[in-house]
Every structure is written in structure tokens, then in C-alpha cells.
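Q: One-letter residues, chain by chain:
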Amino acid sequence: MPAIELRNIRNHVFSNLDMKVLDGELLVVLGPNGAGKTTLLNIIAGLVDYEGTVLFDGVPVDKVPANERQIGYLFQNLALFPHLDVASNVGYSLRVRGKRREEIAEEVDELLKLMKIEHLKHRYPKGLSGGEKQRVALARAFATSPEVLLLDEPFNSLDIGMCKCLRREIRQIQRELGITTVLVTHNLADAEEMGDRIVVLSGGKIQQVKSNEMLFKNAAVDNGNRSQRFHECLHCTIDCYCKRKEGDYESADSPACRM
Amino acid sequence: MRIKSVLTGILPVIAFVILWECIAQLNLVPRYIFPPFSAVMIEFYHLAVSGVLLDNILSSLFRVLAGFLLGSAAGILVGIVMGSKEFVNKSFHPIFSLLYPIPALGWAPLLMVWIGINELLPVALIFLCSFFPVLYNTITGIKGVDRGVIKAARTLGASDTKILTTVVLPLAIPNIFTGLRLEAGMAWRVVIAAEMVAIPTGIGALMIRSESLLRMDVIIVCLMVLSVMCLAFERFFQFMERRITNEWE
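These protein sequence lines map, in sequence, to chains A and B.
Read in order, the letters of the first sequence correspond to residues 1 to 259 in this note's numbering.
Read in order, the letters of the second sequence correspond to residues 1001 to 1249 in this note's numbering.
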């Protein structure tokens, strides 16, 4: 699976952003709303205009259109196709790539089984719960046999139990397949449980890059910049988390931490 | 519950027919001016048995179908191009914005000179009447598709053409059908007007001939046929829209 490198990325959010995602790792990008997390994913996916260079395994992909970048993207709002049933949603990428019907059916069945949603095969998105939609969207993202997986706030609308369960499952699949993954979130618990490394992004700038353990043990923060409050909040939340250990996780967007 | 709702719908119609029959039977106005319901039904029977009604309905129906199908197809095609290509939309929008408010019948004098008084005239008028609303509804439908699902389709490997055919168009269907449904009834109104003015056959022509003979019963039969045809057309598109989108909308 390719390592991802962003060199000198500039657009309406970023000015000279540099970032690396190592081959097969799960990098978590942590930051408050409006930090540019989704824009970062869209740049990697080729969905927005930017200046600078995005490299997959050292090869620039700036001229490669989004539909040829071999990316699995789980959108924040999931973006399931409302007019297609679950099987057709999951098999969409296979259909547009011209695979045979039997092959599509076989692969879709496997993916539905993997995500434990075989029973939803003929249902439409409007009749699914948040967790079920999430699983369908994930199955659809995996159907592309992605070399890079992009996850945008994947656990946002889920309850804590479902969150924990899905985190474990995604992590397991990601490790098994070794897919280079970027997960953006404002939730510290997602970051801690999922990330090999964590990038703290605020105001379109990378504030810290740490291994998961280092960030959560030291929780070093910068002061005197415009993201100070977010960092204070991050600090506070990490401290809270460290004290509680088994308690519920607090989000950087929780009322106590509003910026 | 169902019987109650059916009765609620039918009873006012029955009451209206009875009232009509009673007032007409009082002979307060001459029968040829205000015929009773029974006389209208008898005339309906005569027109149906003689084949006059069917011939005229078929003439009108052919014109409506030809004009409506051509106008709608053109509206959908141009709408797809304008909805998906912004520069085409910007180029043509001013022209269509100026032409759209002109009532279809407003074109009649011009078209009479350009194409003559023949079968093409009502077809051309219905074409114009169907084209613009279907065009605008198609553009609205296409532009209204959630950008998120388009991005999702793109990351899943779909080309622009595939995105259009597998995501954008299916999701624009409800809007397209709204345009078709609204104009299906309007097409009948336009054909009647065109036949009254310029064409010697069809329901509109039958009405105008009956007016000169003071045959109000025939006129009322024609109005009933017109009402049923408008309703049937609108309901057909409503039914099709539900069939296509019911499961996912």
C-alpha cells in the first residue's frame, strides 16, 4: 500500500502544508471544526483544487482524477446513494468498473458478511439506522479494494457502544489489509484508540505530530497562537481522560471545551 | 374507513349531478342553453355509438402525444446538458428566460404564418408548452442533486458520464416527473384552444362547431372528456413517479 506525502499544499485553507502518512499506517488527524480536516482528505482524494504536490509512494498524483486514485472514502455524511439498495450501493464501484454481474454479487455478499449486514441487502438507505448506514458506507468504501482509505469523522453519529465496536472492527480490517489510512476526527477517543500516529491540525496548520502514546502521555501544547484554546481544551480533555481511564470519552467539541 | 373515504369523495359529485338535473328540469332557462344531466348523458351515448366522439378524441390525442413527447424529450435533453454544464447553462439561460414566460398560445399567430394551419400547428404549440417547464424542472432536478453523492461516486471510480447516468439522472427523476405531470394537463388545454382557433378536427373543433349550432349538450360532453383526459394524463405520470421512486424516496 502506498505511503502518502503532501508537499507544500496551498489552497483556501492551507498555506504550505507538508505531511506524510507512512505505508500501511493509520494516521489520525485531530482538530476542531473548521480546522481543515475534511479539506485535507478531499485534497488527498483529488476532489478539490490545490497547489502543491500529493505523492503516492513517491509518485505525484496531482493529475490523476479522483475516480482513478484507487481511494476508499467514508464521507462524514456517508453520502449513500438513496436510490440504490444496500447491495447496489456496496457494488456500485464494481459496476462502474464493468465487472460481471456474478462477480459483483459474490464480492458484495462477502463485504456484507464482513460488515455483518447481510440481512440489509435489499433495504434502502432511508430505512436504515445510523450504525447500519455507517457499515454500508464502509462496505462500499472497501469494495473499491482501496490502496488508501480516508475516513471523515466516521463515528460522529453513533452511540458509544456502536462506536467502540466499529472502531475495533475498522482497526482490525485496516491492520489485516495493511491499507494506508487517514482518519480525521475531533474526538480524542477515536484518535487514541485508532491512530498509529496523531496529527493535531488547527487553523489550517499542523500543530503537532506525535505517536499515539506520546501525545496522550505528554499532551504537550503550544501557547500563544490562535489555536491556543483548542490546545488547552485538548490538554484538559487528555488529562481528564487519563484520570478517568475507563470513563466515557470527552470530545474536543464537548460543551466544556467550546472554543 | 375506506368506504367512508370513498363516500366522502363521491357523495358531493352525486349531489352536484342531482342538483344540476333538478334545476334544469325546472325549465327556468331553455333546455338548449342549460341541458339537464340526463340529456348530456344521452348525447354522450349517441356521440360514442356514432364514433364521432372517438374520432375526435383520437385526433386530439395524437396531437397531444406527438407534441408532448417531442417537447418533453427535448426539454429533458437540453435540461441535462444545461444542468450538468455550467457554461451551457450560463449561455442559454438568458434566451430561455425571455422565451419561457410567453404563453404557448401566444405563439399561435406567428406559427400559423410560419408553418401554416395544419396538423403541425397544434403539435408545435404543445411542443412549446411542454418544452420550457420540463427543461426548467430537469435543470432544477440535476442541480439539486447532493454534491456529496456525486463526490462519493467519483471516488468510487465513476466517470462523469457514469455519474450522470447512474446517480444524477435517477436522483433528478422526481423533479423531471413534476414537470411532466404539470404539463400533461396543460397540453390538453393547449390542443383544445388550437383546435378551436385553427384546426377542423379534434375535441376543440367539435366544441366550436357545437357552439355555432347551440348544442350545449355536446359542448358539455366535450368538457367532460377533456376533464377526464387531463386527469388521466396527470395521474399516469403521478403513478409512474411513485412506481419509480416509491421505494427510496
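No lab work stands behind these hints, which were simulated from the structure alone.
Take the hints with a grain of salt, since some may be wrong.
What the simulated footprint calls covered on chain A by chain B, stretch by stretch (three residues with Cβ under 8 Å from a Cβ of chain B suffice, anywhere in the stretch; the number is not a length) [claimed, not checked]:
| hint | stretch |
| --- | --- |
| 1 | 63–74 |
| 2 | 78–84 |
| 3 | 91–103 |
Computed from a predicted structure; not experimentally measured.
C-beta: ideal position from N, C-alpha, C; glycine also.
Q: Hint by hint, say whether it matches the structure.
A: Status of each hint after checking the structure:
1. 63–74: The restraint on the stretch 63–74 of chain A holds, since 8 of its residues have a Cβ under 8 Å from chain B and three suffice.
2. 78–84: holds (count 6)
3. 91–103: Three-residue rule met by the stretch 91–103 of chain A, so holds; n is 5.
Of the hints listed earlier, there is not a single one the structure fails to meet.
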